[in-house]
Each structure stands twice: as C-alpha cells, then as structure tokens.
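Residues per chain, in single letters:
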Amino acid sequence: MMLSDYVCDGRFGRNNVRYCITLWGDLMNVIWFVLIAVSIAGALISGHTEPLTKALFDGARAAVDISLFLLGIISLWLGVTKIIEESGLIHRISHFFKPIITSIFRSVPPDHPAITSITLNLLANFFGLGNAATPLGIKAMQDLQTLNRDKETITFAMMLFIVLNTASIQFIPFTVVGILSELGSAQPSAIVVPTLCATVVSAACAVLVLLLFRKIMR
Amino acid sequence: MKPLTLFSQMIIPCFILLTVLYGAYKKVRVYDCFVSGAKEGLTVVLHIFPYLLAIFVAVKAFQASGILEYIAAGASSLLISYGVPPEVLSLAVVKPLSGSASTAIFTDIVKTTGPDSTASKTAGVIMGSAETTFYVIAVYLGAVGIRKTRYLVPVCVIADTIGIIIAVIVVKLFLE
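If you're matching them up, the sequences are chains A and P in order. Counting from 41, one number per residue, gives the positions in the first sequence under my numbering. Counting from -15, one number per residue, gives the positions in the second sequence under my numbering.
Quick caveat, the hints were computed from the structure, so don't treat them as lab data. For clarity, every value in this text was computed on a predicted model and none was experimentally measured. Do not rely on the hints blindly, as some may be mistaken.
Cut-off 16 Å, straight-line C-alpha distance, at most; resulting in silico cross-link-like pairs (EDC-like, lysine to aspartate or glutamate) [stated by the list, open to error]:
| # | chain 1 | residue 1 | chain 2 | residue 2 |
| --- | --- | --- | --- | --- |
| 1 | P | LYS10 | A | GLU125 |
| 2 | P | LYS11 | A | GLU126 |
| 3 | P | LYS132 | A | GLU192 |
| 4 | P | LYS11 | A | GLU125 |
| 5 | P | LYS10 | A | ASP190 |
| 6 | P | LYS132 | A | ASP190 |
| 7 | P | LYS156 | P | ASP100 |
| 8 | P | LYS95 | A | GLU222 |
| 9 | A | LYS138 | A | ASP151 |
Quick list of the computed label-pair ranges, beta carbon to beta carbon [to be verified]:
| # | chain 1 | residue 1 | chain 2 | residue 2 | range |
| --- | --- | --- | --- | --- | --- |
| 10 | A | ALA226 | P | LEU26 | 45 to 51 Å |
| 11 | A | SER147 | P | SER65 | 41 to 47 Å |
| 12 | P | LYS156 | A | ILE140 | 29 to 35 Å |
| 13 | A | LYS191 | P | SER65 | 47 to 53 Å |
| 14 | P | ASP16 | A | ALA77 | 48 to 54 Å |
| 15 | A | SER147 | P | SER61 | 46 to 52 Å |
| 16 | A | ILE140 | P | ILE153 | 25 to 31 Å |
| 17 | A | ILE140 | P | SER65 | 41 to 47 Å |
| 18 | A | LEU84 | P | ASP16 | 54 to 60 Å |
| 19 | P | LEU26 | A | SER229 | 39 to 45 Å |
| 20 | A | VAL233 | P | VAL19 | 42 to 48 Å |
| 21 | P | LEU5 | A | GLY224 | 38 to 44 Å |
| 22 | A | ALA77 | P | VAL19 | 43 to 49 Å |
| 23 | A | SER147 | P | ASP92 | 40 to 46 Å |
Each residue gets a CB set at the ideal place from its N, CA and C atoms; glycine is no exception.
Go ahead and model the full structure; you've got the sequences and the hints to work with.
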C-alpha cells in the first residue's frame, strides 16, 4: 500500500503511525546513508577531502583490526563455553538465574539453550566483562535464531535481548572509574551508584519503549 | 577501589580454571572439546565482518568531516540554558557509534574541565550507562544474518536519547 492511500482515505492515527514506523524500520539503511552522504558532502564543502579520504581507509582498516581481535576472543570463549556445555556445568550456572530470564523472555521455552546463553551474556555484561560478553551474546543470538521461523526477520525476543544489551547494565564501570582516578579525581568511585541508578532506570525505559512499539505495531 | 579491581581481574581466570577443572572431573576431553568449539569462531567473524566494515567506514568518515563541531557549536547555548554541560553533547552523539572514540572524548572532557567538574561526572555516567548501540546491532545481527530489523533501530535510538537525559538528571540529583 502506498503512502498516498493512507493520506487520501483519511485514516489517521494508529495505522499512520504504524506505516511511518515500517517506513523507518529500515532505519539502519537511512542512518548509514545519512552518515556517508553528509560526511562526504560536508568534507567537500569545507575542504576536508584529504582527511576524509584517509578516514575512509582508516575505517576499513579498523574493521579488519576489530575483526581479528574478535576472532581471537570469540574463538577463545566458544572453546570455553563448549567445555561448559559438554561437562554440564552450564546447567548449574543457569539453574540459579533461570526463573528471572524465563520470566523476561516468555516466548523462549524454559529448557531451550538460548536461556543459558542469554543468562551468561547478561552476567558478563553485569560484571563489565565486555570481551566475554560479545561472544556469549553472539551465541545467544544464534540460539534465538533456531526458534525463528523467518530467518531474515528479527524476532521480538531478539529485539528484547539487544535492547537489554545496549542498556548496558553494569555493576562497576571500571574504565570510567579508572580514567577519573588516573586524571586525579578526588572521589573517582562517586559516580558508581549514580551510574548504576541511571543504567537501571534507562534499561527499564528502553524495555518500555520496546513494549510500546510492539503494541503500536500489532 | 582496590578489592573491586582485584575482583574484576580475578573473575575471568578463575572462571576458566573452574571450567577446566569441572570438565576434567566430569571426564570431558577438554582439549578436543575446546578446539571444536573454537573452530566455530572463524565462521562467526566471517559473517560479522562486512557489517563491521560498513559501520566503521561511515563512523570514521563522520568524525573526519568536522560536522560534529558544527552541531556542538550550534546547540551549546541551548544546552547551557537547560543547565547541561555543552561538552557532553559530542560524547552523546559519538557514544552509540564508537567505543574507542567515545573513550577518547571522555578523557578529553576530564582533562579540559577537570576530573571533579559536572561535565566530567555527567560524561562518566553516560559512559557507564550507554552502550555502543550500532556496533552491538551490527555484530549481533551480522552473526545470524538478519536483514529485516522491524522496529529495533528506532527503539534503540529513542532509548539512547532517554538514557542520556536520565544520566543528566541523575548527576543533578546525586552529585550537585
């Protein structure tokens, strides 16, 4: 259905909102296009073409560097998690947190491996172990994908998982406290409690926004 | 701070030791098992790479174009009138895009405004409570080959914005 159909038949309200969201559901394409187009146009106008050309190749290089770094840590953690799985240790770890995770991810069956990988990822995030969290998060996405009927389209459980991840619930922000104390703060750990409050409140808000979108789109 | 740093340094080695000990106790062939798990790493990274490339090229180009400075200059008077330190804006824009760049900006804010300024504290809370959203989306969706993201990206953008507002409010409540 074309946009004009919506405008012409005068059905404003929920349908229009829903249409706009579908239109912007491809937001990743929009954002990428805007970043590239605006940056290059801006650089051309202000005469920054030389640094821009360098930046484009720097970006490509950075992607290779990060990928190689990820290759190491992902393989390491996949190796370790394989031992955890085979030995049955995984059941002991996830047993404790299972009730919480299953009550959040209701569309995932309680005995599904995704519950365990989600638990491990959220725990790694909580303790600020970024290097461990990414591989475990990828594992969780792969486990959630086995429950997905349409392999190209994201499920609600996946969105919930990503939203919880981007809210970054963290016990202690080690890097930040480290930088603050390094540069001579009188009380570098003063931000720990405020950060924890901010992160919990914003995680709750993020989930609410997600639920709101689901309600509109249904 | 000392015991916490120690705890964070201990947790990964101890976890791996526990895993290997428990595996051996349960008569798992730990070496073979580790290798077969690690083998999957290669395919995962191969899947993620093009997504990472796209994100990194766009973000680097954006940083080099100098547009961020224009936005910051334009919005700073508005931010000051609401009592928000204007330095925080560039961090708020960059944080969802790049982890290393936002760490650099944060360090710069702390250096120029002093480690105990409101700007530094607000920036610190944003650093700890926001995540490199687009990196996470690129990596996680790239790993499973999902192309239709439905309403994920709008939700993340709105949630990030709310998160930054909350960070500013929390610093006002707790640290002033």
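Practice problem: Determine which of the earlier numbered hints do not hold for this structure and return their numbers in increasing order. | Solution: 5
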